[in-house]
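Listed below are the residues making up each chain.
Number of protein chains: 2
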Amino acid sequence: MFQTGVSVAPSKRIRRPIGRVSEPRAAASTRERLLEAAGHVFAEHGYHATTVREIVKRSGANIAAVNYHFGGKLGLYIEVLRQSVRAARVNAIDALDQNAPPEDILRAVIRARLQSVAQPNLPDWHFRIMVHELVQPTPALSRIVNEVTRPIYERLLELVGRIIDLPPKNEKTRLCVNSIMGQILVYILAGPVLMRLWPELEMKQEQVDRIAKHIGDFSLTYLRQAAVSSRRGEK
Amino acid sequence: MFQTGVSVAPSKRIRRPIGRVSEPRAAASTRERLLEAAGHVFAEHGYHATTVREIVKRSGANIAAVNYHFGGKLGLYIEVLRQSVRAARVNAIDALDQNAPPEDILRAVIRARLQSVAQPNLPDWHFRIMVHELVQPTPALSRIVNEVTRPIYERLLELVGRIIDLPPKNEKTRLCVNSIMGQILVYILAGPVLMRLWPELEMKQEQVDRIAKHIGDFSLTYLRQAAVSSRRGEK
DNA sequence: ACCAGTCTGAAACATACGTTTGAATCTTGC
DNA sequence: GCAAGATTCAAACGTATGTTTCAGACTGGT
Chain A
1 MFQTGVSVAP SKRIRRPIGR VSEPRAAAST RERLLEAAGH VFAEHGYHAT
51 TVREIVKRSG ANIAAVNYHF GGKLGLYIEV LRQSVRAARV NAIDALDQNA
101 PPEDILRAVI RARLQSVAQP NLPDWHFRIM VHELVQPTPA LSRIVNEVTR
151 PIYERLLELV GRIIDLPPKN EKTRLCVNSI MGQILVYILA GPVLMRLWPE
201 LEMKQEQVDR IAKHIGDFSL TYLRQAAVSS RRGEK
Chain B
1 MFQTGVSVAP SKRIRRPIGR VSEPRAAAST RERLLEAAGH VFAEHGYHAT
51 TVREIVKRSG ANIAAVNYHF GGKLGLYIEV LRQSVRAARV NAIDALDQNA
101 PPEDILRAVI RARLQSVAQP NLPDWHFRIM VHELVQPTPA LSRIVNEVTR
151 PIYERLLELV GRIIDLPPKN EKTRLCVNSI MGQILVYILA GPVLMRLWPE
201 LEMKQEQVDR IAKHIGDFSL TYLRQAAVSS RRGEK
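As you go down the protein sequences, you meet chains A and B in turn. According to the working numbering, the first sequence is numbered sequentially starting from 1. According to the working numbering, the second sequence is numbered sequentially starting from 1.
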């Protein structure tokens, strides 16, 4: 019997099963290898620049496998997202100590995001993918924004709002969050160019830590001053 | 007689003329319309996502014209770059008052870059194109980095170095420049996503000015403090 | 008026991509 | 052990893209 997977491309009739609610037995080897390879490639090149042939070559699977297991390139992409979002959510919850000072949390968030540049771990794929989505949106944009970007963004809004003593949706709060995110994004996006402009830059652990510290210092200098201003009742 | 244009793809034999040193007569209409249309499309979608059919449709030219005049898509791309770089250089030189206080110059640079988001003028194409190049490098990457990115980057290094009283190539100076550029890039790159996260955001002139002011404030708050530190002889 | 040389046009070409096909192979329950 | 279903495989398909072709239109000099 065919698996009753979650439909990914409802408008298109698909003869074969797609998606899988839970592994029925032990044999999910090809499927998992595809997800693993696809995560790497999608995170590195983005959706459009990635070819399914590259993914199947990397995973050692046959090219028809992606269609069989996921209904197509887009289905595989969405499944990669789903999985990495889930993985990221679990260790985002217990990693951040909500009782820590807001400034420490912010520094931790910055460092965590930068980490995903140096060592692209599985749970960090979704962030790199989201960043690619910024530049070239895919049909999955709405899903990604709502499931990946928005939670991060609103957590940052709330966090920064707490630091500068303003509501999360205040324009100044938003501008500050954009400034912080921008500083991180440039390292994730601008790899090839930044290397040429700054040849000594190597994303070793030690340097990543220095960059994270800089972004924290750079941002908090303004945020602290903004906190003083808004507590004085200005603007 | 065929024009003796600058060779763009030396490895490939091209039967027809490419490039053009100077317009021989008045009739450069198709060529110029192609450049105009290509500039818009490349700046908006980047090199890879742009199709030559979209360019020729927009310019009203025939699809063979791009190959005839520029030797191919890549040749057209490079020519767009050359032209916009030249245009940008002339009005960058006389626009910036070198005797103004460094802080004012920095604010002017930030505003100028942000402007190119709201109203993509011809001389600003190269900046948007460079930004796309960050994410998905093309064969023209080296040329672009050297001719477009590096001048901007090193001007910023020198400028920021002057503000914080450190050498341009100091690591701290570079980190600050990256922070400033990142804050700008996020608005240029993240259009579709940012709109969803912040629906009220509309890149009207007035809002662009507010954003530019924010980035200036945000950055200068740190830079001023860093200036004090380094004049004290710290790190 | 002619003609070499320049430019334009519609159509075809070659390639790379995502996708589909149908047979072959492997797994599993009985 | 076997049959039915699940999975894999090589090959082909349809489409979109950049490129090329070549015939024709245009242009300026004589």
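Source of the hints: derived by calculation from the structure; they are not laboratory data. It is possible that some hints are incorrect.
You can't tell identical chains apart in this list, so a pair holds if it fits in one copy or across any two.
[As the list claims (entries may be wrong)] In silico BS3-like pairs for lysine-lysine, Cα to Cα no more than 25 Å straight-line:
#1 Lys-57 / Lys-73
#2 Lys-204 / Lys-73
#3 Lys-204 / Lys-169
#4 Lys-204 / Lys-172
#5 Lys-213 / Lys-172
#6 Lys-57 / Lys-204
#7 Lys-73 / Lys-172
#8 Lys-57 / Lys-172
#9 Lys-213 / Lys-73
#10 Lys-73 / Lys-169
#11 Lys-57 / Lys-213
#12 Lys-169 / Lys-57
Owing to the predicted nature of the structure, the values given are computational and were not obtained by experimental measurement.
>> At most 25 Å between alpha carbons: which applies to Lys-213 and Lys-172, within, between, both or neither?
In response: both (23 Å within a copy, 11 Å between copies)
> 25 Å Cα cut-off: does Lys-57 pair with Lys-73 within a copy, between copies, both or neither?
Replying inline: within (14 Å within a copy, 29 Å between copies)
>> Within a copy, between copies, both or neither: which one fits Lys-169 and Lys-57 at a CA-CA cutoff of 25 Å?
In response: Answer is neither: 46 Å inside a copy and 42 Å across each miss the 25 Å cutoff.
> Between Lys-204 and Lys-73, at a C-alpha cutoff of 25 Å, which is it: within one copy, between copies, both, or neither?
Replying inline: neither (33 Å within a copy, 37 Å between copies)
> 25 Å Cα cut-off: does Lys-213 pair with Lys-73 within a copy, between copies, both or neither?
Replying inline: neither (38 Å within a copy, 43 Å between copies)
> For the identical chains here, do Lys-204 and Lys-169 meet the 25 Å Cα criterion within one copy, between copies, both, or neither?
Replying inline: between (36 Å within a copy, 19 Å between copies)
> Given identical chains, is Lys-73 near Lys-169, meaning Cα to Cα at most 25 Å, within a copy, between copies, both, or neither?
Replying inline: For Lys-73 and Lys-169, neither the intra-copy (37 Å) nor the inter-copy (44 Å) Cα distance is at most 25 Å.
>> Within, between, both or neither: how does the pair Lys-57, Lys-213 come out at a Cα-Cα threshold of 25 Å?
In response: neither (39 Å within a copy, 49 Å between copies)
>> With identical chains, the pair Lys-73 and Lys-172 could be close in the same copy or across copies; at 25 Å between alpha carbons, which is it: within, between, both, or neither?
In response: neither (40 Å within a copy, 43 Å between copies)
> Using 25 Å as the alpha-carbon threshold, which applies to Lys-57 and Lys-204: within, between, both, or neither?
Replying inline: neither (29 Å within a copy, 47 Å between copies)
> Is it within a copy, between copies, both, or neither that the alpha carbon of Lys-57 lies no farther than 25 Å from that of Lys-172?
Replying inline: Classified as neither: same-chain Cα gap 48 Å, cross-chain 42 Å, threshold 25 Å.
> 25 Å Cα cut-off: does Lys-204 pair with Lys-172 within a copy, between copies, both or neither?
Replying inline: Between copies only: 17 Å across chains, 34 Å inside a chain, cut-off 25 Å.
Going through the hint list in order, the structure does not satisfy hints 2, 6, 7, 8, 9, 10, 11, 12.
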